[in-house]
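Asker: Sequence:
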Amino acid sequence: MTIQSPSSLILLHILLLFLLPLKIASSPRTQAEALVTWKNSFSPSPASLNSWSLFFFWIKVRAIANLHKLCKWDSIVCNTAGDVTQVNLSNANINGTLTQFNFSSFPHLTLFDINNNAITGQIPSSIGNLSKLTYLDLSVNFFQGNIPLEICQLMELRYLSLFNNNLDGMVPYQLSNLQNASYLDVGANYLATPDWSRFRSMPLLTHLSIFLNDLTLDFPEFLHNCRNLTYLDLSNNMLTGQIPESVFTNLGNLQYLNLSSNLFQGPLSSNISKLSNLRDIHLADNMFNGPIPEDIGLLFDIQVLNLYNNSFEGKIPSLVGQLRNLQYLDLRVNNLNSTIPFELGLCTNLTYMALALNKLSGHLPMSLSNLIRLSDVGLSDNLLSGEISSYIIANWTEVLSLQIQNNSFTGKIPPEIGLLTKLNTLFLYKNQLSGAIPSEVGNLNDLVSLDLSANQLSGPIPTTLWNLTNLQALQLFSNNLNGTIPPEIGNMTSMQILDLNTNQLYGELPETISGLSQLQSISLFTNNFSGRIPSDLGKFIPSLRVVSFSNNSFSGEMPPELCSGFALQVLTVNGNNFTGSSPTCLRNCSGLNRVRLDGNQFTGNITNAFGVHPSLDFIDFSDNQFTGVISPEWGECVNLTNFQMQRNSISGTVPPELAKLSFLESLSLVYNELTGEIPTDMGNLPMLFKLSLSKNHFTGKIPQSLGNLRGLQYLDVSENKFTGTIPIELGNCDKLLSLNLSHNNLSGEITPVLGNLFVLQYSLDLSSNSLSGKIPQNLGKLQSLEILNVSHNNLSGEIPPELSGMISLRSYDFSYNELMGPIPSDGIFQNASAKAFFGNSALCGNVEGLTPCNSPMSTSGKSTKYNKKVLVRVIIAGILICCRQHKLLDNKITSTREYNISESVIWEREGKFTFGDIAKATDDFNEKYCIGKGGFGSVYKAILASGQIVAVKKLKMSDSSDIPRKNSRSLENEIRMMTEVRHRNIIKLYGFCASRGYMCLVYEFVERGSLRKVMYDVEGEVKLTWATRVKIMKGVAHAIAYLHHDCNPPMVHRDISLNNILLESDFEPRLSDFGTARLLNADTSNWTKAAGSYGYMAPEFAQTMRVTDKCDVYSFGVVALEVMMGRHPGELLTTSLSEDAELLLKDVLDQRLPSPTGQLAEEVGLVVNVALACTRTSPVSRPTMRFVAQHLSAPTQPCLPERATAHINHQQLS
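Residues -26 to -1, 1 to 1188, numbered by mature numbering (1 follows the signal peptide of the UniProt record, and there is no 0), are exactly what the sequence shown covers, in order.
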C-alpha cells in the first residue's frame, strides 16, 4: 500500500476544487437554477412556465432522480446526457429582459427561440458563449441598441432572425463571418448603411431580409456574389441608383425579390429575364422609368408582378400573355399609355389585376373574359372608353371588387352585373354611363359598397336595390336619377353612408329612413325633395355624423332629436323652407365641425342655441329670421374660421370674446340690428381676411386697431353710424382688395395712405359721408382698382390728373361734392359720362351734359380774379392737351405705319378667319361681348359665322408702340412660335392680326373662364373639391414644364396667376397669356409693367428687373398655395415660415371644405409642400418645373431638392 505525502493530497484537492466550478456551471442543476432565476425576473411570470420549479431539488434523497425532470419542463429539450440543447419560448407571452439569463450555463445549446414576446433591453454580449448555437430567433420583441459583435462569432449559426425590434446603429459587416448561415433576417429595425465593401461573400446564404431599415446609397455590392440566394428583401429603405446588371446575371436562383419603397431609378434591364426562377417580384414605389421590358414575359414561373407607383411608360408588353402562372399583377400609378393588350387575357390564373392610374386607352379586349378566376379588378383613373362588355362581365363571377371608375366608359351598365354575386365593392363612378340602373344589381347580396356617382344615369332607383341588406355605402350622386325614395329603404339596416345628392329625386322622405340605426352620413342635397323630414330622424341613429339636405324644398321644423346621439359633425340644410327653431340638441354636439342653416325661414332666439364647440370650423345661419344676441360663448369655439349671420334680426352688441377666435378668417354680421361700438380687440384676429359689418346701427369711431389686420382683404362697414375720421392705420392693411366705408358720418379728409393699398382691386367706396378737403393724388397709385366712389361728400378742389392713369378703373363716381376745375381728359376720363360728375357746379370739361371749360357759364358766380385764374388754367391745359393729342396722333400714325396700316395677319393651320370676321362677330368690339379685362387688354367672346367660338384679346397699338421697327420681324417670329405650341393644358393660339390701330391675339375659347372667377364664386368650394384642385395644379405644372423644357427655344410665361389659368367644363386647366408680356415689351430690360401680377411676382424681380424661368416657378408656387388655401397666401410666403417651423396641413387649407383624408390628404399635402419649395426666396434653391410636374403626378411625397422652408404635416388633419 502506497502512502501519499500530505503535500500531494493538498495538490489533488486544489485541482478538484479548481475543476468543480466548471462541472457545476454546466450541470443540469445549475441549468435549472439559471432558468428559474431568469423566469423569476419576468413580470408577470407566464402560466405556461409553471413547470419551471426547483422545489423537488431540495429533497436530497431523490435529488438524482428529479434532475432528469428538467428535460420534461415545458419549452426545454435535452440531449441524452441531460444537458439543455434547446430553449423554445416563441409566443410565450414573456415580459422581461435577457439580463438575468446566464448564457454560460448552456454550453450545449443549439437552438434559442424567443420570438414574438415583449422582451426589452439590449442583447447581452454574453450570448457569444453559445458556441454550438445553430438557430437563434430574437424576432418580434423590443430589443434596442446595436447588434452585439459577439453574435458574429457564433460560427455554427445557420439561422439568425432579429426581425422587428428597435435595433439601431450600422449593420455590422462581421455578420458576413457567419459563413454557415443560410437564413439571415434583420428587417424592421433602424439599422443604418455600413461599408458594404467590407462584407464577405456568403455562399450558403439563401434567405436575406434587411427590409424597413434606414439604408441609403446604392445596391449592396456584396450581394452580387451570394449566388445561392432564393429570397431577397431590401424593401422600405432609401436605396438609390440603378439595379446592377450583376444582380440579374449572378442571382439566377432567386425566387423572391422585393425592392419596393426605395429610390431606385433608371430603366429596368431586359436581363431580368435571366432570373428564370422568379416567382415573386416587387419593385413598387420607386422611380423606375422607361418601358417595361418585353422580356419580362420570359419569367414563366412568375406568380406575382408588382410594379406599382413608378414612371414606367409605353405599352404593357404583349409577351405578358406567356405568364400562365401569373396570379397577381399590379401596374398602378405609372405612365403606361397604350391599350390593354389582347394577350393579357391569356393569363388565365390571374386573380388580382390592377392597372389603375395610368393613361391606358381604348376598349376592354374581349380576351379578358377568359380571366374567370379574377377576384380583384382595378382599372380606374385611365382613359378607357367604349361600352362595358356584357360578355366580359358575365365571366367574372368570382370577382369580389370591381373598380373601373374615372374613365370614359359609355353605354349602359350591363344587366349581367347581377351575375357577380360575390361582389362586395362595385365602383363605376365618374364615367359617361347612361340609361337606368339595372334591376339585377339587387342580386348582389354581398355588396358592401356601391358607387355609381358622377355619370349620366337616369330613371328611378330600382326597387330591388333597397333589398341589399349588407350594403354599407350607397353613392349615386351627380346623376339624373328621378323618382322617390320608397319605404323599403328601411330594409337596408347595415347602411352607414347614403349619398344621393345632385339628382332629380323628389317627394317626401319615408318614415322608415329613421330606422337605419347604423347610419353615419346622409347626403341628399341639390334634389327636389319636399315636405317634412320624419320627426324621429336621428332618434334611433346614435352615430349620425353628417346630415346634408341643402338646396331642396323641405319645409316644416327640423327633427328635434336629429342629433340626440350628440355625434353630429356636419349639418347643412341651407336653401330650403325650414321653419321653427334649430334643434336644441345642437348645443350639446361638441364635435360639430360645419353648420349651414342659411337661406331658410328659421325663427327663434339664437342666443343659447349653440354651446361650446371646439372643433367648429364653419357656421352660417344667414338669411333667416333669428333673433337674440351674439353669445360670448362663440369665443370658445377656438377653431372657428368662418362665421356668417347676416340678414337676420340679431340685436345687441358684438361681444369682445369674438377676439379670441384666432383662426377666424371671415366674419359677416351684415343687415342685422346690432348697436354699440366695435370692440377694439377685433384688431387681434391675425387670420381675418373678410370683415363685413354693414347695414347695422354701429356707432363710434372705426377702431384704429383694424389696422393690425394685416391679412385683411375685404372690409365693409357701410351703412352704419360711424363717426370720426378714416383711420390712417388702415394703410397697414396692404392686402385689401375691397374697402367700403360708405353711408356713415365720417368726416375729415381722405387720408392719402389709402393710395398705398396697391393691391386694392375691386372697390374703394367712401361715398355718402361728410368727407372734406381734396381728393389725394396718391389714389392714382391704385393701378388695379376697378371701382372708385367718393360721391355725396364735401370734397373740394380739382380732380387730380394722376387719377387718369388708373388703368383698371371701369367705374367711378365723383358726383355731389364741391369739386371744381376741368375734368382730366386723358386715360380713363376719355369716355367719361356726365353722370359721374353731377352735383359739382364748378366742374367743367368736354363731357356731354357738363359745361365746357371755355364757356362763360363755367365761371358764372365767381370773382373776376378767379375767372382770370381759370382762364389761364384753361389756356395752359388746352395747349398741353393739344400737344399731347398731336404727339399721340404722331405715335399712332407711326405705329400704324410700322404695321403697314393694312391688315397684318399670322394664322396657324386651323385659322381660316380674318380681322373683319372678328370685328363683325363682336359688333366692332362692343362692350357687351367683353368677358374680361386685364393688364394687357380686353378679352372678347366671338362667335364666328362658322359657329366656331374664339376668345379675342384686343391690345391697343399704343400699348406696344415701344416695339421698334427693327423688331417687327422678331415679333412675327415670336407669334409664329406661339402658334406652334401644342399642349393639352395650354390655350391654343390661333393667330394674330393688326388693323385699324389694334393688335388682336385670337385664342381658343374656354367655357368656365378663369380659375379666379370659379374659385371665388359663391359656390367655389362646392365646385373645386380637393381632388379637382390637385388635378388643376398637376395640369398647370405640366403646362409650365412644357414651356420651359420642351419648347425650342424655351419660353418663360412671365405672368402666372389665377386670372391666367382657365378651366374647361371638366375643370381641366388651360394656361393662357403665355408670351403676351414678351410681345408687349421686346426690350427685356424694361418690364416694370409686364412682368407678372402683383402678389405672384418673385421677390428677386424687384432687385434685378429680370425675368427667368425661376420667376415662373415662384408664381406657380403662389398659385398652388392660393388654390389649396382658398385665399392668397400673403404673409405665409415671408413671415410664417422659419427654418424650424412646422405647420399642420389643416391650418393652411381652405376652411370652406372638409379636411381631405386618406390618399387624397397625401396628394394635397404633396401639392402644398411642393408649392413651399417653389416659393423659396433663393431662385437657385427652387426646383425646376419638370421636377415639379413629375413629382406631382406621384401619390407619395418626392424627395425635394434641398430642404423646404417649412414642413407641412399632412397626417394631422383633425
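If you're looking for bench data, these hints aren't it; they were derived computationally from the structure. Treat the hints with care, since some could be wrong.
[What the hints assert, rightly or not] In silico SDA-like cross-links for lysine to any residue, where the CA-CA straight-line distance does not exceed 25 Å:
1. K997 x T1131
2. K289 x P315
3. K396 x Y302
4. K664 x T627
5. K987 x H1019
6. K669 x D787
7. K664 x D1121
8. K664 x E607
9. K634 x V603
10. K513 x E485
11. K695 x P606
12. K695 x E772
13. K106 x T167
14. K43 x P98
15. K664 x Q446
16. K513 x Q446
17. K997 x D787
18. K664 x G602
19. K386 x A447
20. K669 x T654
[Stated by the list, open to error] The following label-pair restraints were derived from C-beta to C-beta distances:
21. S564 x E485: 50 to 58 Å
22. D420 x L1134: 23 to 31 Å
23. K46 x P122: 28 to 36 Å
24. N65 x S99: 35 to 43 Å
25. K695 x F812: 38 to 46 Å
26. D991 x G409: 47 to 55 Å
Yeah, the Cβ is synthetic: ideal placement off N, Cα and C, and Gly gets one too.
Asker: All the hints need checking, so say for each whether the structure fits it.
Answerer: Checked hints:
1. K997 x T1131: Roughly 18 Å separates the two Cα atoms, so the pair holds.
2. K289 x P315: holds, 8 Å
3. K396 x Y302: With a Cα-Cα distance of about 19 Å, the restraint between K396 and Y302 holds, given a limit of 25 Å.
4. K664 x T627: holds, 19 Å
5. K987 x H1019: violated, 29 Å
6. K669 x D787: With Cα atoms ~21 Å apart, K669 and D787 stay inside 25 Å; holds.
7. K664 x D1121: holds, 17 Å
8. K664 x E607: holds, 21 Å
9. K634 x V603: Judged against 25 Å, a Cα distance of about 18 Å means the pair holds.
10. K513 x E485: holds, 12 Å
11. K695 x P606: Measuring from Cα to Cα gives roughly 24 Å; hence the hint holds.
12. K695 x E772: violated, 29 Å
13. K106 x T167: Violated. K106 to T167 sits at ~30 Å, over the 25 Å cutoff.
14. K43 x P98: Judged against 25 Å, a Cα distance of about 29 Å means the pair is violated.
15. K664 x Q446: violated, 41 Å
16. K513 x Q446: Distance of about 20 Å is within 25 Å: holds.
17. K997 x D787: At roughly 35 Å apart (the allowed maximum being 25 Å), D787 and K997 break the hint.
18. K664 x G602: holds, 24 Å
19. K386 x A447: Answer holds: K386 to A447 is near 22 Å, not above 25 Å.
20. K669 x T654: holds, 20 Å
21. S564 x E485: 50 to 58 Å: violated, 29 Å
22. D420 x L1134: 23 to 31 Å: holds, 27 Å
23. K46 x P122: 28 to 36 Å: holds, 32 Å
24. N65 x S99: 35 to 43 Å: violated, 26 Å
25. K695 x F812: 38 to 46 Å: Hint violated: Cβ distance 26 Å, outside 38 to 46 Å.
26. D991 x G409: 47 to 55 Å: Violated - the Cβ-Cβ distance for D991 and G409, about 32 Å, lies outside 47 to 55 Å.
In this structure, the earlier hints numbered 5, 12, 13, 14, 15, 17, 21, 24, 25 and 26 are contradicted, and the remaining ones agree with it.
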